[in-house]
Amino acid sequence: MTEVALSITSTRTLDVASVSFHADLSGALFWEEQRLLVVSDLHLEKGSSYATRGVLLPPYDTIATLGRLAAVISRHDPRIVIALGDSFHDRTAHGRLSADDRDAVSALQSGRDWIWISGNHDPALPRDLGGTVADEVAIGPITFRHEPTGAHGEIAGHLHPKARVSTRGRSMERRCFACDGMRAVMPAFGAYAGGLSIRDAAFAKIFPNNGFVAHLLGDRRVHAIAASRCY
Amino acid sequence: MPPRILTASAEPAALLPDRFQQWFAARGWAPRAHQLALLEKAREDRSALLIAPTGAGKTLAGFLPTLVELSSAPVIPAKSVVSTGRGLQRSGGLHTLYISPLKALAVDIARNLERPVAEMGLPIKIETRTGDTPVSRRQRQRRYPPDVLLTTPEQLALLLSSDDAPFLFSSLKRIVLDELHALVTSKRGDLLSLGLARLWRLAPQMRAIGLSATVAEPESLARFLVPQPKDKSEAADIVIAGGAAPPLVEMLDTRERLPWAGHSARHALPEIYDLIKANKTTLVFVNTRSQAEMLFQQLWSMNDDNLAIALHHGSLDVAQRRKVEDAMSAGKLRGVVCTSSLDLGVDWGDVDLVVNIGAPKGASRLMQRIGRANHRLDEASRAVLVPANRFEVLECRVAIDAIAENAQDTPPLRTGALDVLAQHVLGCACGEPFLSGELYDEVRTAAPYADLARQDFDDVVDFVATGGYALKTYERFARIKQDKQGRWRVANPKVRQSYRMNVGTIIADDMLKVRLVRSRSGATGSTGVIARGGRLLGEIEEAFIEGLAPADTFVFSGEVVRYEALVEDQVYVSRANDKDPKVPSYMGGKFPLSTYLAERVRRLLDDGRAWGALPEQVRDWLSQQKDVSHVPAVRELLVESFPRANKHYLVCYPFEGRLAHQTLGMLLTRRLERARARPLGFVANEYAIAVWALGDMSFMIRDGRIDLDALFDPDMLGDDLEAWLAESALMKRTFRNCAIISGLIARRHTGEEKSRRQVLFSTDLVYDVLRKHQADHVLLRAARADAATGLLDLRRLSNMLTRIQGRITHRELDHVSPLAVPVMLEIGRESVYGEAGDELLAEAADELVKEAMS
Chain A
1 MTEVALSITS
11 TRTLDVASVS
21 FHADLSGALF
31 WEEQRLLVVS
41 DLHLEKGSSY
51 ATRGVLLPPY
61 DTIATLGRLA
71 AVISRHDPRI
81 VIALGDSFHD
91 RTAHGRLSAD
101 DRDAVSALQS
111 GRDWIWISGN
121 HDPALPRDLG
131 GTVADEVAIG
141 PITFRHEPTG
151 AHGEIAGHLH
161 PKARVSTRGR
171 SMERRCFACD
181 GMRAVMPAFG
191 AYAGGLSIRD
201 AAFAKIFPNN
211 GFVAHLLGDR
221 RVHAIAASRC
231 Y
Chain B
1001 MPPRILTASA
1011 EPAALLPDRF
1021 QQWFAARGWA
1031 PRAHQLALLE
1041 KAREDRSALL
1051 IAPTGAGKTL
1061 AGFLPTLVEL
1071 SSAPVIPAKS
1081 VVSTGRGLQR
1091 SGGLHTLYIS
1101 PLKALAVDIA
1111 RNLERPVAEM
1121 GLPIKIETRT
1131 GDTPVSRRQR
1141 QRRYPPDVLL
1151 TTPEQLALLL
1161 SSDDAPFLFS
1171 SLKRIVLDEL
1181 HALVTSKRGD
1191 LLSLGLARLW
1201 RLAPQMRAIG
1211 LSATVAEPES
1221 LARFLVPQPK
1231 DKSEAADIVI
1241 AGGAAPPLVE
1251 MLDTRERLPW
1261 AGHSARHALP
1271 EIYDLIKANK
1281 TTLVFVNTRS
1291 QAEMLFQQLW
1301 SMNDDNLAIA
1311 LHHGSLDVAQ
1321 RRKVEDAMSA
1331 GKLRGVVCTS
1341 SLDLGVDWGD
1351 VDLVVNIGAP
1361 KGASRLMQRI
1371 GRANHRLDEA
1381 SRAVLVPANR
1391 FEVLECRVAI
1401 DAIAENAQDT
1411 PPLRTGALDV
1421 LAQHVLGCAC
1431 GEPFLSGELY
1441 DEVRTAAPYA
1451 DLARQDFDDV
1461 VDFVATGGYA
1471 LKTYERFARI
1481 KQDKQGRWRV
1491 ANPKVRQSYR
1501 MNVGTIIADD
1511 MLKVRLVRSR
1521 SGATGSTGVI
1531 ARGGRLLGEI
1541 EEAFIEGLAP
1551 ADTFVFSGEV
1561 VRYEALVEDQ
1571 VYVSRANDKD
1581 PKVPSYMGGK
1591 FPLSTYLAER
1601 VRRLLDDGRA
1611 WGALPEQVRD
1621 WLSQQKDVSH
1631 VPAVRELLVE
1641 SFPRANKHYL
1651 VCYPFEGRLA
1661 HQTLGMLLTR
1671 RLERARARPL
1681 GFVANEYAIA
1691 VWALGDMSFM
1701 IRDGRIDLDA
1711 LFDPDMLGDD
1721 LEAWLAESAL
1731 MKRTFRNCAI
1741 ISGLIARRHT
1751 GEEKSRRQVL
1761 FSTDLVYDVL
1771 RKHQADHVLL
1781 RAARADAATG
1791 LLDLRRLSNM
1801 LTRIQGRITH
1811 RELDHVSPLA
1821 VPVMLEIGRE
1831 SVYGEAGDEL
1841 LAEAADELVK
1851 EAMS
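Going down the list, the sequences are from chains A and B.
Numbering follows the numbering used here, with no gaps: position 67 of the first sequence is 67.
Every number in the numbering used here is 1000 more than the matching position in the second sequence, counting from 1.
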């Protein structure tokens, strides 16, 4: 019952291979010099994907996700947007986009380069979505790809990191960036995308000795907390 | 108002066939007045509610009409009629359904019924049907039904959703609903009421008998038993069993010093032990599982006489519980420490004393517990109440008074929940196709749904079909579809299968297995290799574990353990050397203090003359409070503010129970935050809330920056509540339960059990999205309705805020007041744990007490 302030500090930057990124509260990364915005794991049409199997989740996840994407794009006005894979929840999800949502995507793409990195959920993206489809993109010391390999300078998604912090019987769990200065794994951006605890073995394979920092997406800021302090 | 009758007007001879009279006589019994009264009701073709204490021969009374009817009916061999599909009318067939909240009870009742049936040589076939019944027997029961079938609300729902429900139930004459007072307080009662509505259509000749403990509003409970006509109210006749001797209830007159706070009643341990020793068999009730475990351990640690003392609570393995129950029936036990797991259930012969540890919480609940002692009607049940702290002394005092006056505080009949209705609608679509208008009329014959609006019903049907979304994109994924005549039927067999696997409204707390392993020395929460395996200690609520950080210590199985790691559904802990657990594990018990007892406590406080009935220590405490601060009047809210150790405290005393207080605490801290009082946290117990802050709240109240009338204004239930609900974990849990019960999210898929942690996370996300994009969706409406009475107790909070408007009394104090000590002691720790914990607590208490009394 007792409320205790959590020992967390605020952060704005996240460094990978000496490149400074802005960690946006929405879960996006922004590379100021390149005016490049990265979002990962949008999982568009996850709701309708479940609906085909009889689980009628509210069909508002695509609207919600695109709405948040529009907000972060208008905040930073990027020249390039990279969608870091699993942008669509399944292979046919793009075909279920409503006309309005399709228009919304086009509007976001207009006036900038748009790169769809393919992920395991959406390995074969059609051309009529606009933008370029790629397996990975390298810019300077940074490589953007969907599935993390642990390589130096890699920014990946796929794992949907989340972290829990507890003190004296109270706890909170949030999506987070996982980053050790050499590489980073981005949180999922999609409204229905679940999370994987950063204590899962999958993270140990990417970050040697688990010496990384979880940048938790709080209500008003991003909080950097040592991964060993979270679970 | 329906007639209430105590005795039948006809002679026993006219009501009881010879065979029965001889049977009673042979056993040296005479039929009881209420047993005859029920026979007479049956003869008049009326449904009836029997209100009787335990030990009144309630079950036999409920079944006598059935036995009499079946004994005189011409015998038709059950196997001579075989189901050939729908619409086959039969003579014979299923005659009586019996519904019990516990499957163990159904099995036990079946056994008890066999005896008179065998002794009188009646040609009656009795069978049970529960989750444990083998598939082959279930199939046989549908084809060749017994005369009497004993089952649970969930099994009834399943039977009703099958194609041959009309065949199975068309012959039904009676339904007997046992422990009705307990069933109707939850969503299981809603589900049962909808099942009844279905049965009234399939078998219009069916009459109901409800068996209930004493309740506050028998008239409203009696409505449950008969179909409600449109825009009118009908009720079954009420039969009240008389003749029960009033119970002898006293409060333990302890020789020890009464604790200021805590729930362990450790001070009274030797006295509790002596009570067990002095009686033949004693039931010791506590409010939580952790209390039960602790008390059990402590009693054994002092058990020099080797008394057979056992433990019984809901988290124990079923086999273990059965063993205890069997030993109990065999008269082998001297004492059983138990939780509400024994509030209901099998009657045990020779319990001669009930001891209730801690807060009684409600007068009717306490009365039912006391009724577990001495099941002979004409002898008084005996009970001793053991308050664990000073506030509980007040609560015990008023509970004893309430029992002496036979006052009841059972909750009013529920308004039927929309998520349960959604489950029922899907169940209906699995059976015979239905027309919306017809099903709507049928549903409204169920008392909890009598006032259901057509719009709500249509929204529920729309939800079941395509999710009920304003954005119509799921037509092709519909789970139920309309045919050309407009009749709804299930879209494919998979939907039916999913319904059958997920029927029911009980969402158990998610439990994790706790295993004892060796500590990773020196590790402070970093990931390391944990020795897997380890001895299984038991199960613990997932919600509790989520609040722990690795290396936190807590009490489990009577010892202090250190939390190491959570791997899948296993919690690994090691032995801790700490004497004092860092994180308290007292979860407060399931039920808050009843509104009725709360008001009596306030009245007791207000009436100085009544303090004479309280122990001297408690009288002194209250007198000191009167001198130092103020004792609130019945409708008044006392607010105290004082500084302590560099912080500023605001304590108020609404007496509205822990759940309402938690909600109030959340909302108060939001408002104090806005007033720039810089609140840091709060604690709440059943009686009071303490908020602490960096800002000097006394000063802020004095100079008007905090206006108490505005702070406690009911308008906090507007925007502040909305803002909080958006992120409240309790609200998300409430929503998740509605999502599962309504069938939006399946607990079980065919062939796989989805990880519970995964389900929890995704419903939170669904809640966020749905709230933003369709705030009036039927599931959110269902969750809001639950929040009014459930985990957030909003209705009670709202009533309280209205009650105290213009009646707030503020006292600015230099230090903590005597009345504030108990809630202040709960800050950061709870006094559940034994030796060291209580010692430390006692120290802390002494500090506070000295300060308060100075």
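Derived by calculation from the structure, the hints in this document are not laboratory data.
Watch out, some of these pointers could steer you wrong.
[Claimed, not checked] Chain B stretches covered by chain A per the calculated footprint, using a threshold of three residues with CB under 8 Å from any CB of chain A:
| no. | segment |
| --- | --- |
| 1 | 1143-1150 |
| 2 | 1491-1498 |
| 3 | 1732-1746 |
| 4 | 1773-1786 |
[Stated by the list, open to error] Short derived list, chain B residues pointing at chain A, Cβ under 10 Å:
| no. | residue |
| --- | --- |
| 5 | P1053 |
| 6 | G1057 |
| 7 | E1546 |
| 8 | A1565 |
| 9 | D1569 |
From the three backbone atoms N, C-alpha and C, an ideal C-beta is built for every residue, glycine too.
These are the hints, each one checked on the structure:
1. 1143-1150: Since three or more residues must qualify, the claim that chain A covers the segment 1143-1150 of chain B is violated, with 0 doing so at under 8 Å.
2. 1491-1498: Contact hint for the segment 1491-1498 of chain B vs chain A: holds, 3 residues under 8 Å.
3. 1732-1746: holds (count 3)
4. 1773-1786: holds (count 3)
5. P1053: With Cβ-Cβ at 37 Å, over 10 Å, it is violated.
6. G1057: It is violated, given that the least Cβ distance between B/G1057 and chain A is near 46 Å, above 10 Å.
7. E1546: Since the shortest Cβ distance to chain A is 5 Å, the answer is holds.
8. A1565: With a minimum Cβ separation of about 8 Å from chain A (threshold 10 Å), the hint on B/A1565 holds.
9. D1569: With a minimum Cβ separation of about 14 Å from chain A (threshold 10 Å), the hint on B/D1569 is violated.
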